[in-house]
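Per UniProt numbering: the sequence shown = residues 1 to 260.
Keep in mind the hints are simulated off the structure, nothing from the lab. Just so you know, not all the hints are guaranteed correct.
[Claimed, not checked] As a list, the in silico DSSO-like pairs of lysine-lysine whose alpha-carbon atoms are at most 30 angstroms apart:
# : residue 1 : residue 2
1 : Lys195    : Lys129
2 : Lys129    : Lys147
3 : Lys35     : Lys55
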Amino acid sequence: MAVLPTNKWLEVAYDSPEKIYNKLAKYFHNQSTRKIADILISNGMYQKSEKNGDKLVKLLLEKNVWGIIKQEENYLKQKWNGINIPIFIFPSNPYNRKITEQYNGRNGLAFYDKIFLFVSETTTEEELKALFTHEYNHACRLKHHGKKEDEYTLLDLVVLEGLAENAVQERFGKEQLAPWTKYYSEKELKNIWNKFIYPNKDLSKFDQKTSKLLYGNSFIPNMAGYSTGYYIVRQFIIQTRLKSHELLTLPTENFTDINL
Numbered sequence: 001m002a003v004l005p006t007n008k009w010l011e012v013a014y015d016s017p018e019k020i021y022n023k024l025a026k027y028f029h030n031q032s033t034r035k036i037a038d039i040l041i042s043n044g045m046y047q048k049s050e051k052n053g054d055k056l057v058k059l060l061l062e063k064n065v066w067g068i069i070k071q072e073e074n075y076l077k078q079k080w081n082g083i084n085i086p087i088f089i090f091p092s093n094p095y096n097r098k099i100t101e102q103y104n105g106r107n108g109l110a111f112y113d114k115i116f117l118f119v120s121e122t123t124t125e126e127e128l129k130a131l132f133t134h135e136y137n138h139a140c141r142l143k144h145h146g147k148k149e150d151e152y153t154l155l156d157l158v159v160l161e162g163l164a165e166n167a168v169q170e171r172f173g174k175e176q177l178a179p180w181t182k183y184y185s186e187k188e189l190k191n192i193w194n195k196f197i198y199p200n201k202d203l204s205k206f207d208q209k210t211s212k213l214l215y216g217n218s219f220i221p222n223m224a225g226y227s228t229g230y231y232i233v234r235q236f237i238i239q240t241r242l243k244s245h246e247l248l249t250l251p252t253e254n255f256t257d258i259n260l
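All chains should be built: construct the whole structure from the sequences, respecting the hints.
This is the structure we're talking about:
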């Protein structure tokens, strides 16, 4: 299946996103097109058409966005014994402040059976590769971990994010790491881990508190779960010297069996 020709979809239906949601319906199980739209928009997909939408699609084609992702998918599928799943590429939402300010106009969304990438005209080739590496790592982990998504806990999610961002570092160094990997000192990370994350590690992914622990709020440090996820997986890698492809099938609990 691999990279879908969403550039063709956009050439025909860029100004009518609902037509694109209809085409995506068969890739979602029992979800309405409205629900599909909500999921994608909340994660960064463009919401309303721009006047120069055709120029944007042309620019992304000139930058070989679809070709680069196809090459990356082939490479990582071999390197990680990866999975063959549909990959959808769409423009990101320039009005989403979080994505434009914190992620330089790009974001992704991974399921065990599909990946979405949302990119802008300013997304560089290295940023594009790092984004795909992160999301494809998610998909491979979800597929090979042997645990159903609805059984995931806070700890599973924290490790999931840590694995993905460390895979980015393994391939591209620290330059392409997400900003949240640099928010805190090691001392602060240990404190966040011990105070907020580890005591709540068994919370269901559906618990309202889980989202707050992952992203932070007025009482919990910003991106607490993400930051500590990167940190504990980094420490695990340093202590075990394992590579990304060797980590994908390990039980989540293994990553807490380290000296912090």
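How the hints compare with the structure:
1. Lys195 - Lys129: violated, 34 angstroms
2. Lys129 - Lys147: holds, 27 angstroms
3. Lys35 - Lys55: Status holds; Cα separation ~29 angstroms.
In the structure shown, a violation is registered for the earlier hint numbered 1 alone.
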